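Whenever a hint applies, use it, and build me the whole structure from the sequences.
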Amino acid sequence: MLRSMNRYGLLAAYIPAFTNIVGRMQYDLFHVYTVDTHTLFLIRNMRRLTVPELSSEFPLASEIMASIDQQETLILAALFHDIAKGRGGDHSELGAVDALHFCRAHNLSEQQVHLISWLVKNHLVMSMTAQRKDIEDPDVIRNFAKLVMTPKHLKHLYLLTLCDMRATNPKRWNGWKDTLLKQLYRHTLRELNNPQSEADDYSELQKKQTQAREELADQDQKAVTQLWMQFSTDYFQHHSVQEIAWHADVILSTPEHEYPQVRIQCEMKPGASEILIVDIDHDNLFAIITSIIDQCALNIVQARCETTDDNKAINSFSVLEEDGSLICDRHREEEIRSRLIDDIKNLTEPPVNSRHVPRQLKHFETPTTIEFSQDKTNMRTLLRLQTADRHGLLSRVGLALSQAEVRLLNVIIATVGAKAEDTFFLVDRNDEPITDPEHLERIKSLLLEHLE
Numbered sequence: 000m001l002r003s004m005n006r007y008g009l010l011a012a013y014i015p016a017f018t019n020i021v022g023r024m025q026y027d028l029f030h031v032y033t034v035d036t037h038t039l040f041l042i043r044n045m046r047r048l049t050v051p052e053l054s055s056e057f058p059l060a061s062e063i064m065a066s067i068d069q070q071e072t073l074i075l076a077a078l079f080h081d082i083a084k085g086r087g088g089d090h091s092e093l094g095a096v097d098a099l100h101f102c103r104a105h106n107l108s109e110q111q112v113h114l115i116s117w118l119v120k121n122h123l124v125m126s127m128t129a130q131r132k133d134i135e136d137p138d139v140i141r142n143f144a145k146l147v148m149t150p151k152h153l154k155h156l157y158l159l160t161l162c163d164m165r166a167t168n169p170k171r172w173n174g175w176k177d178t179l180l181k182q183l184y185r186h187t188l189r190e191l192n193n194p195q196s197e198a199d200d201y202s203e204l205q206k207k208q209t210q211a212r213e214e215l216a217d218q219d220q221k222a223v224t225q226l227w228m229q230f231s232t233d234y235f236q237h238h239s240v241q242e243i244a245w246h247a248d249v250i251l252s253t254p255e256h257e258y259p260q261v262r263i264q265c266e267m268k269p270g271a272s273e274i275l276i277v278d279i280d281h282d283n284l285f286a287i288i289t290s291i292i293d294q295c296a297l298n299i300v301q302a303r304c305e306t307t308d309d310n311k312a313i314n315s316f317s318v319l320e321e322d323g324s325l326i327c328d329r330h331r332e333e334e335i336r337s338r339l340i341d342d343i344k345n346l347t348e349p350p351v352n353s354r355h356v357p358r359q360l361k362h363f364e365t366p367t368t369i370e371f372s373q374d375k376t377n378m379r380t381l382l383r384l385q386t387a388d389r390h391g392l393l394s395r396v397g398l399a400l401s402q403a404e405v406r407l408l409n410v411i412i413a414t415v416g417a418k419a420e421d422t423f424f425l426v427d428r429n430d431e432p433i434t435d436p437e438h439l440e441r442i443k444s445l446l447l448e449h450l451e
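Letter 207 of the sequence shown, counting from 1, is numbered 206 in numbering that gives the first Met the number 0, and no numbers are missing.
It is worth saying that the hints were derived from the structure and are not from the lab.
All of these numbers come straight from a predicted model, not from anything done at the bench.
Each hint should be verified, as a subset may be incorrect.
Unchecked claim - Within a straight-line C-alpha distance of at most 27 Å, the following computed DSSO-like cross-link-like pairs (lysine-lysine) qualify:
#1 K84 - K176
#2 K181 - K207
#3 K181 - K418
#4 K84 - K170
#5 K311 - K207
#6 K181 - K145
As the list claims (entries may be wrong) - The calculated label-pair distances, taken between Cβ atoms and stated as ranges, are:
#7 E255 - S324: 46 to 52 Å
#8 T367 - S252: 41 to 47 Å
#9 G87 - C265: 43 to 49 Å
#10 S54 - E92: 31 to 37 Å
#11 A65 - E255: 53 to 59 Å
#12 E437 - K375: 16 to 22 Å
#13 P432 - S54: 42 to 48 Å
#14 N142 - P432: 40 to 46 Å
The beta carbon of each residue, even a glycine, is placed where N, CA and C say it ideally should be.
Structure (structure tokens):
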């Protein structure tokens, strides 16, 4: 019915602000629909969550949708979420004002009015938090929980975000993004229902270690303790119980002369395949690994790095095939594993990337911007990089960071159309945050040299 109303101009006649987005193109590689078509696809996605026969598509979302009393609240938030695009200014802020006036003109309750306006104003926050921030960091979850305020706001925002992301570009939606959203939803709901203190955070890490020990019953527990004493708090915060046990088992079962070790798991983390590489640390290791993974036609969606006191580098990567699927073929696994082992053993620098830049990317110019900030709570430096997406990007960054003599702890990877918006968590060689302006400037100069 809404599609018909849009086709014959009734929707724009009823909501004058809608006129501005009818047939409005968005000139990037992220949005593939006009604004009005995207909006109607979003509402279609919401409707699918109400159909019992389709509940297996997104079980959590369907369950939440069934628990919401006034589903028209979501429909109205969807209609107005992008209504101010092309007007200049922040379309979220402007759209929230439009939604407020429309809802009051139609005598909705003040509670509904404020919820709809709040959803329009904040409709991008959950996707940005899930994809661009460290959602395993308790401080990130606490700040997000303060923004959403109540479980009711969280439920509505989760459904709006999920349906919005799926209606933007179907080819760019994948199981990994679904996993990130669900993790953020569950972490935040737990925080809203039972606010955590720093003492609770520490208790959670101890609980992880206890559960991981149960999975390492065949290993010498004293050796497990000695190994874990070399790991940072970040490591235990960011990895699951299964990952912690898996990593420890590989390290403790491997003689020194048998490195590098490469393992691939498809069931370890929902939405992505996991590649674990353990090797004696050396310059350019991260750059070499990421270059090889790229040449294997895999997309890295998350990377985490840890170096032990005895100089073992533990690099774990969440990856997807180019079509967004998992690595699910044994021959494919062995091909990737063999390539990684051979090249890590034989290369001292990353290989020259021979993959062609996709034709579509050549039409978009994206300037490189680099920003630093300090995470004083976790004692690390954040590097935020925006640049044109391309094959071998992580390898070039890794090479620059190696030459700048810094250690990489974690990478959060977000690609929006032709633009990469990645966040790198860094410390110096003494595991301290990087605060010296000259050192920061050197990092920036090396990055620009390698990227441009």
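Self-check item: Violating hint indices (sorted, rising)
Solution: Violated: hints 7 and 14.
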